[in-house]
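Colleague: Heads up: the sequence lines are chains A and B, in that order. Position 294, counted from 1, in the first sequence is what this note's numbering calls 294; the numbers after and before it change by one each time, with no gaps. Position 364, counted from 1, in the second sequence is what this note's numbering calls 726; the numbers after and before it change by one each time, with no gaps.
These are computed hints drawn from the structure, not numbers from a lab. No false leads were mixed into what you were given.
With a Cα cut of at most 20 angstroms, we get these calculated SDA-like pairs of lysine to any residue:
hint: 1; chain 1: B; residue 1: K831; chain 2: A; residue 2: A44
hint: 2; chain 1: A; residue 1: K66; chain 2: B; residue 2: E869
hint: 3; chain 1: A; residue 1: K66; chain 2: B; residue 2: Q871
hint: 4; chain 1: A; residue 1: K66; chain 2: B; residue 2: Q866
One-letter residues, chain by chain:
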Amino acid sequence: MHAHATREAHRPRLLFVDDEQRVLNSMRIMFRRQFELFLASHGAEALDIVRDKDIDVIVADHRMPKMTGVEVLSKVRAMSPRTVRILLTGYADLDAVEGSINESEVFRFLTKPCAPQQLRETIELAAKLARETPAPVAPEADTPGDTIEIILESDTVTEVTGSGPQATTKSPSTPPPDRPKWPPPRTEAPSTAGSRSKLAAGLGIVVFSMDNDVLDCVNKAVRGRLPVYHAGNIVQVVKCLTEQRPGVLVTDVSEDKATIQAMTARLKEHLPQLVTIAVSQHRDVLDMVWLINHGQIFRFLRKPLSAGRTAISLQAALQHHRQLLKNPEIAKRHEVDAGAAEPSPVDNVLSKLKGLKRLWTS
Amino acid sequence: MKRAVIASVLALAALALLASLALESRSLPVETHVAQYTIAGDLERLDGDFKALVDTLQAAWTEQAPPGEGARALLERVAAQPQQLPASLFTMQGSASQEARLRNSQETFLAAVGQATTLAQGLIRDQTAYAAAVAFLREQGATVIQELRDGGLSRQSADTFQLVVGTLDFAGKGASVRAGSLDRLLTTLARDQRVDSMPKQFSVLLDSVGTILKDKPLIESRLKQLAATPVGEHAAALATAAQDMYTIAVTRVEQARLMLAVYAVVLLLSVGFIAWRLHATYREINRANSDLAVLNESLENRVATRTDELSGTLADLKESQVQLVQAEKMSSLGQLVAGISHEINTPLLYLANNAELIRERLEPLRDFVSACVGAFSIKAEDFADRAAYQASFVAALRDVKILLRDHELDAAIEEIQDLTRDSIAGLGELTEMAQSLKDFSRLDRAPIASFDVNGGLDKTLVIAKNIVKHKASINKLYGEIPEIECSPSQVNQVFLNIITNAAQAIEGQGEITIETRLYDPEHVAIRITDTGCGIPEENLSKIRDPFFTTKEVGTGTGLGLSICDEIIRSHFGELLIESEVGKGSTFTVVLPIKRPGPSQQTIGDALDLELPELQEAV
Numbered sequence: 001m002h003a004h005a006t007r008e009a010h011r012p013r014l015l016f017v018d019d020e021q022r023v024l025n026s027m028r029i030m031f032r033r034q035f036e037l038f039l040a041s042h043g044a045e046a047l048d049i050v051r052d053k054d055i056d057v058i059v060a061d062h063r064m065p066k067m068t069g070v071e072v073l074s075k076v077r078a079m080s081p082r083t084v085r086i087l088l089t090g091y092a093d094l095d096a097v098e099g100s101i102n103e104s105e106v107f108r109f110l111t112k113p114c115a116p117q118q119l120r121e122t123i124e125l126a127a128k129l130a131r132e133t134p135a136p137v138a139p140e141a142d143t144p145g146d147t148i149e150i151i152l153e154s155d156t157v158t159e160v161t162g163s164g165p166q167a168t169t170k171s172p173s174t175p176p177p178d179r180p181k182w183p184p185p186r187t188e189a190p191s192t193a194g195s196r197s198k199l200a201a202g203l204g205i206v207v208f209s210m211d212n213d214v215l216d217c218v219n220k221a222v223r224g225r226l227p228v229y230h231a232g233n234i235v236q237v238v239k240c241l242t243e244q245r246p247g248v249l250v251t252d253v254s255e256d257k258a259t260i261q262a263m264t265a266r267l268k269e270h271l272p273q274l275v276t277i278a279v280s281q282h283r284d285v286l287d288m289v290w291l292i293n294h295g296q297i298f299r300f301l302r303k304p305l306s307a308g309r310t311a312i313s314l315q316a317a318l319q320h321h322r323q324l325l326k327n328p329e330i331a332k333r334h335e336v337d338a339g340a341a342e343p344s345p346v347d348n349v350l351s352k353l354k355g356l357k358r359l360w361t362s
Numbered sequence: 363m364k365r366a367v368i369a370s371v372l373a374l375a376a377l378a379l380l381a382s383l384a385l386e387s388r389s390l391p392v393e394t395h396v397a398q399y400t401i402a403g404d405l406e407r408l409d410g411d412f413k414a415l416v417d418t419l420q421a422a423w424t425e426q427a428p429p430g431e432g433a434r435a436l437l438e439r440v441a442a443q444p445q446q447l448p449a450s451l452f453t454m455q456g457s458a459s460q461e462a463r464l465r466n467s468q469e470t471f472l473a474a475v476g477q478a479t480t481l482a483q484g485l486i487r488d489q490t491a492y493a494a495a496v497a498f499l500r501e502q503g504a505t506v507i508q509e510l511r512d513g514g515l516s517r518q519s520a521d522t523f524q525l526v527v528g529t530l531d532f533a534g535k536g537a538s539v540r541a542g543s544l545d546r547l548l549t550t551l552a553r554d555q556r557v558d559s560m561p562k563q564f565s566v567l568l569d570s571v572g573t574i575l576k577d578k579p580l581i582e583s584r585l586k587q588l589a590a591t592p593v594g595e596h597a598a599a600l601a602t603a604a605q606d607m608y609t610i611a612v613t614r615v616e617q618a619r620l621m622l623a624v625y626a627v628v629l630l631l632s633v634g635f636i637a638w639r640l641h642a643t644y645r646e647i648n649r650a651n652s653d654l655a656v657l658n659e660s661l662e663n664r665v666a667t668r669t670d671e672l673s674g675t676l677a678d679l680k681e682s683q684v685q686l687v688q689a690e691k692m693s694s695l696g697q698l699v700a701g702i703s704h705e706i707n708t709p710l711l712y713l714a715n716n717a718e719l720i721r722e723r724l725e726p727l728r729d730f731v732s733a734c735v736g737a738f739s740i741k742a743e744d745f746a747d748r749a750a751y752q753a754s755f756v757a758a759l760r761d762v763k764i765l766l767r768d769h770e771l772d773a774a775i776e777e778i779q780d781l782t783r784d785s786i787a788g789l790g791e792l793t794e795m796a797q798s799l800k801d802f803s804r805l806d807r808a809p810i811a812s813f814d815v816n817g818g819l820d821k822t823l824v825i826a827k828n829i830v831k832h833k834a835s836i837n838k839l840y841g842e843i844p845e846i847e848c849s850p851s852q853v854n855q856v857f858l859n860i861i862t863n864a865a866q867a868i869e870g871q872g873e874i875t876i877e878t879r880l881y882d883p884e885h886v887a888i889r890i891t892d893t894g895c896g897i898p899e900e901n902l903s904k905i906r907d908p909f910f911t912t913k914e915v916g917t918g919t920g921l922g923l924s925i926c927d928e929i930i931r932s933h934f935g936e937l938l939i940e941s942e943v944g945k946g947s948t949f950t951v952v953l954p955i956k957r958p959g960p961s962q963q964t965i966g967d968a969l970d971l972e973l974p975e976l977q978e979a980v
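Full structure from sequences and hints, please.
Modeller: What follows is the structure, given as structure tokens:
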């Protein structure tokens, strides 16, 4: 009996939420041997279980009475940050997908019907990550506030304040000959970036978009307190990442979808600590689901951007990036579904990032 | 109003002033003018007569003759003259002082004439007597003296002679002082008169002498007085006064006329001004009218142009309406598909999963069965001794047992049973869904067919299941109603739309009641009541309008209910909507049992609101 209990304790805890009893039946039979299984037929019941049990993985249907899957997972994200969240839904509507990114920060977005093998593999991977990686800090709600300032201060105040004068002479990364194709658009930005570049690695934002509005909006949101780099192509993105080491990538996925999606996926694969915000003119369910599963994008913003929304998202992204820097193990939780990604011409360009996993810590 | 009153008052005042001025400027009567011209002559004539009278009297006096008829006639004319003066002269109006002056002049004149007349009458009488006395003395004196002489009365005769001569001398002389001797003689003789022998003519003689002596100074003074009477002056003064009065009256009339003329000019000017203003206004109005006409014309042109444009726009609109109806169909279709997709994908998920699981569970079962088969195929003949046979059999059985235990095969069988049971149920669900979709669209039925309303509602509820099930419980109150003639796919579309709206109106959990009953012998009614948010009264009238929507932009085209209304009307039915905010809404669809109207072909044509997309999709 005791042995049985111990074995139970070692089995990952998996929670299914679905209003269709037959789905739960099927899942129970499928996973009961590997997992300590919990089943809930609606959101409130699921939240009760999450509160009581230390659930490793939660898989939720989206369309349920009273509380949608996205709502359930958002609450779980706040209640139990270590629980890996997966959405499994029969019909992916746009709001569900956007919510699963921005509110629930799901690990995977699966659509019914889902191949049993894929379902099993995904859940096993999720369970493994939940067990083997440290829990992220409970997220703060995306609330407006001067988090950027707080981040800046907490990160730089001790070492940077005194180093102002020599900062200019000791320009961080010696500029390459063809250097500033993406100099920070703000005049004060280079010195700011310079003065704290060494210490505040990752405290920058690279914007990859051909749309000036996106860059303007990011600049407006940042208000010159952080360097903002503009990249016009993938080579520049890579160059910027290696030289300026910004921690947040804002990428426009409206145009040249295939390439940019592939880039986003590869970047996350190679640099798990890089936090990606996707910006797009269109909301396409398939693209967004792809970006979740293969690119682990942190936020999805619709164009035209609002400065407020952008600022909030950037703050959350910077905070998240800081957490990933402090505890790189957490970044493993954002393991992308690399296998399914087709080989892309950008792979060559991006391959040089492969060895740079310690980009920000060097 | 106030202005009109002021204007009328002003006009009345102007008229009153005009009337008074006209009254003032009235011409003097003709007699007045005539009198004016005759009075001078009359008065002159009077003066002449008067002077002639005086002359006559004086001439008679000088000649010591009686004045005669001529004097009398003159006197009469003079006396009658004042009465012949024209009265109109003295009724002229003027200032008080002028009137007084005229009146004074007249009175003075009349007094003077009166006085003169009285004097003249006295004179005529006295002069006649005087002339008679003188004549008696002249003619009979000698006779009397002779008789005295004859009578012996020589002294008396001498005295008488002296008296007669002295008296005649006195009378003839211009002197007015009479001799005292004559008075003494007269006194003496008067005493002698008592003598009987005196001729009878003697006393007459004495009287005549007395008359002459007494009257001469009197007459003379009276004649002087008469001659001095200022009849002419007064007549002249009267004439002047009358003339002045007349002049003033004429002047006043002239002035009034001038004023009238001036006033008339002013009035004319005012009228002219008003006329000018009116004219200006009319011109303005005319111009405005002509402008209006021009405008009208251009408007007509513009209307024509606009009509052309509008026709174009209308065509465009019709085009876009078609597109919008299409969009609404696609939108409701999209929602429907989303629901149906979820409803289909869920069973598919567990069906696929279950199949995979059954396959997985069957593998150890197959091993188990083959192990059993292996165990049972151990035959005693194959073994040399019974112990070896038994050992082998036991080993085989142990393998079977291990398989049984390790793979929890007993549980696996139960699981397989569960999985197959669920799968069969899932297949049933999918079949029902497919059947409902087929029935819902009724592709295999004629456009107009006999339709079981309750069955249609059930099928619709299956399709709407995903939309409804999380929002509301369904309360079915189906009545026994006959089948109706209609286009099943369209009527189903109406049901789906109303039920979907009902579900969307419900916040949180609610209830949808679907009731069918006979409305009247020729119609059925389908009442769909929700416990949703209700429709505000101001929206109730607009709710059937195309494009009216309270849903978020992009989530509805606002055509759903207008299409429903259209469908119901094309079925000769009626859509009744009642609602109370906060309590819910009731949509009642009333449809005829027998389809009235023309042949089915034309009805089919009228119903081009089919949902071909839905049918294709299904």
